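Chemist: Based on these hints, arrange chains B and C on the given structure of chain A.
Protein chains in written order, with the numbering used here: chain A, 1 to 328; chain B, 1001 to 1391; chain C, 2001 to 2085.
Any given hint could be a false lead.
[As the list claims (entries may be wrong)] No more than 20 Å apart at the CA atoms, straight line, and that leaves these computed lysine to any residue pairs for SDA-like:
| no. | chain 1 | residue 1 | chain 2 | residue 2 |
| --- | --- | --- | --- | --- |
| 1 | B | K1294 | C | A2022 |
| 2 | B | K1126 | B | A1136 |
| 3 | B | K1340 | C | S2035 |
| 4 | B | K1125 | A | Y323 |
| 5 | B | K1187 | A | T2 |
If you're looking for bench data, these hints aren't it; they were derived computationally from the structure. Everything numeric in this text was worked out from a predicted model, so none of it was measured.
One-letter residues, chain by chain:
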Amino acid sequence: MTTMTYRESVRAGLREALQRDSRVFLMGEDVGRYGGTYACSKGFLDEFGPERIRDTPLSESTFVGAGIGAALGGMRPIVEVMTVNFSLLALDQILNNAATLRHMSGGQFSVPLVVRMATGAGRQVAAQHSHSLEGWYAHIPGITVLTPATVTDARGMLLTALEQPDPVFIFEHAYLYPMEGNLEEGPMAVDITHASIRRPGRDVSLLTFGGSLWKALAAAEQLAQQGLEAEVIDLRTLRPLDRDTLLTSVRKTHRAVVIDEGWRTGSFAAEISAVLMEQAFYDLDAPVARVCSEEVPIPYPKHLEEAALPTVEKIMQAARSLYKGAAT
Amino acid sequence: MAEFVMPTLGADMTEGTLVQWKKREGDRVTKGEIIAEVDTEKAAIDVECHVSGIVERLLTKPGDKVPVGTVMAVIREEGQPAAVPSQTPQAAPQAMPPHPASPSAGKTTPSPSSGGRLRISPAAKKLAAERGIDPAGLQGTGPEGALTLEDIARAATGTVGAATPAPSAERQARMRQTIAAAMARSKREIPHYYLSTTIDMSRALAWLAAENGRRPMTERLLSSILFIKAVALALRHVPELNALWQEGGAVRSERVHIGTAISLRQGGLVAPALHDADRASLGDLMQRFQDLVKRARAGSLRSSELSDPTITVTSLGEQGVETVFGVIYPPQVALVGFGKVVERPWVAEGQVMPRPLVTVSLSADHRVSDGHRGGLFLAEIDRLLQEPHSL
Amino acid sequence: MTTMPSNADAREQILRLLGDIAPEADLTALNPDVSFRDQLDLDSMDFLNFVVSLHQAFHIEIPESDYPKYMTLNSCLAQVTASRP
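Excised from the complex, chain A in its bound form:
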């Protein structure tokens, strides 16, 4: 087993993709000469040349649109958008073009585009660089939304994404880039159709994805010491959602806490909660609980930022509130 950082794993995936398929190229702000805002493409300009590692103007709409065009023309573009906040400038291209062209052309056109972007808070980069909007993207039919949380998924999901005939959006939680982890054995490309049980348990299901996975696992560890065995489910793919895995878990534990760094109102956690109401209502022994971000622009000061985000303590409290011992 190899240990590497999440950043190195993304980089390994990109290099593998660039090496194995000449149709693959990377473009985005600062991906070339600067080596990528998060250093995921460091050294690639020298290694692969300016044709395949392309710095773009600061215009998300333009370069995402160019990516769509290249994909339509037979290429396999990987577009890096610096943060999910900036991706809103490209929303017209994403929603009105990338997600719709197969449908509007009666299946004649494919858009095999991969867009990667950083999401999430926790690094004191304030309200214009810290939001978690992957739940919004999961609203859009016609695209695939991936949230790799582990080192193995960071590399593998990118490679699987490039095999898809339709647009795939990969949300990399920026807090995870320096995190070290073990690269699991097996084929590089990973399955993206299933959620994963990251820790089995019988008393409560913690349903989460992306950066919150590690908080949920830490909470499960501490809950276990208090006698509450939590099952941690990593959703991995928000669209299309693997309902079976999470329903199976909740039908076993009868209790669910959904952890989502997005704002609570209209969050992806709300969608999960609705799925549980629709398909597991008679298996629920307590209301579904949600741990989401506070409904404020993510603050800059460290203590306020932390207060606004899901924490291990909040997750534990939510899990315990589903049992009588809510006071403990």
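Modeler: Chains B and C only, in chain A's frame:
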């Protein structure tokens, strides 16, 4: 008309199963007489009636499990006319807090939500339907008192063959749960402080040996009776330890009912009361203690014995331990522990000599008393044990 | 006039008295030379009750100072048979 309700027989009892009525409708019952046998998590208990009169109606059937506070029978007190049938109270279980000494009751009443709907989880409701259980009268333990799967499952096992006391393995499991709940509550809510002192038992034991020599075999005393009596008398000097914590404050008890921790042979323990221990003679206490131990182990304690101890005495010395660090049984505010009587070097009148010693410890609720008063209490026990003839 | 019990009868009766006090115990596994209290987890109340039941069954007077002589099955038997007239 008086109502006979399911009594609370311990701080954490929430429900009980009627095993049998000892009276029939129309029978006369006197205050203190046993009217029913009730099965709880701990044991089958003979429940005494609190009033005298004629049993007008029996509302609960043997085998029924009902929450604490449920009206089980209506008793027409002396001199009252018979009830008109239409006025007969309904058998509907009531959610009223049964006993002021049971603060937990207020938190987990089965709370119908607004609109009178029962607060029950969807999964619990489904299970109740499958098992044919009416959840209406059950006590919920989930968030905000909601009925959960576990509540229904428990009711389901309780319903099957409920007219007979539960089998011992199941009772043991439930007793463990009851003890767990009481002890967890104690450690959660009561700020304990602990004091201990070592007492020279040579005078007390010499007196006891002489006393037992005079007594016929069947009336001999155990040293634990001296301990119980000494505790009861010492409480007169430090009465704040003889109290119950009720609704945010300590309420002193005029009478001294000593709960005596009795371990059951199959595991678990109960701590039924020796009533008015301060006023009873040693011989009387011994006889009642013997009877209590026998009935505790046979599972036939009386309701008043379980519900009203005002302090607990535990004596773990049998197992050879020297010091007890006890956990207070809520809503009581103190527990006194006696260890094993051991022979050890002791300095008296400037000389080291072997003496039988016992370590007595006090676990007390710091909300109610302070270490200084606790210390006086232990000193008083010591003083009393030095004058065993006065006990 | 009563017939004196044989040794085997006395043993049988002592075991029955113990069984009343510790109904869950497996008395067939009892080591006759090791203290009951340790083997059957008897407390002082149980032991007192046992001695009183011996007193009633065998009509013997047992001073408190002799209680230690009744701690094992064999010593009990010896005491009970020795007390016969």
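Chemist: If a hint holds in the structure, say so; if it does not, say that too.
Modeler: To see whether the hints hold, each was checked on the structure:
{"no.": "1", "hint": "B:K1294 with C:A2022", "in the structure": "11 Å, holds"}
{"no.": "2", "hint": "B:K1126 with B:A1136", "in the structure": "14 Å, holds"}
{"no.": "3", "hint": "B:K1340 with C:S2035", "in the structure": "18 Å, holds"}
{"no.": "4", "hint": "B:K1125 with A:Y323", "in the structure": "17 Å, holds"}
{"no.": "5", "hint": "B:K1187 with A:T2", "in the structure": "47 Å, violated"}
Hint compliance for this structure: hint 5 is the single one not met.
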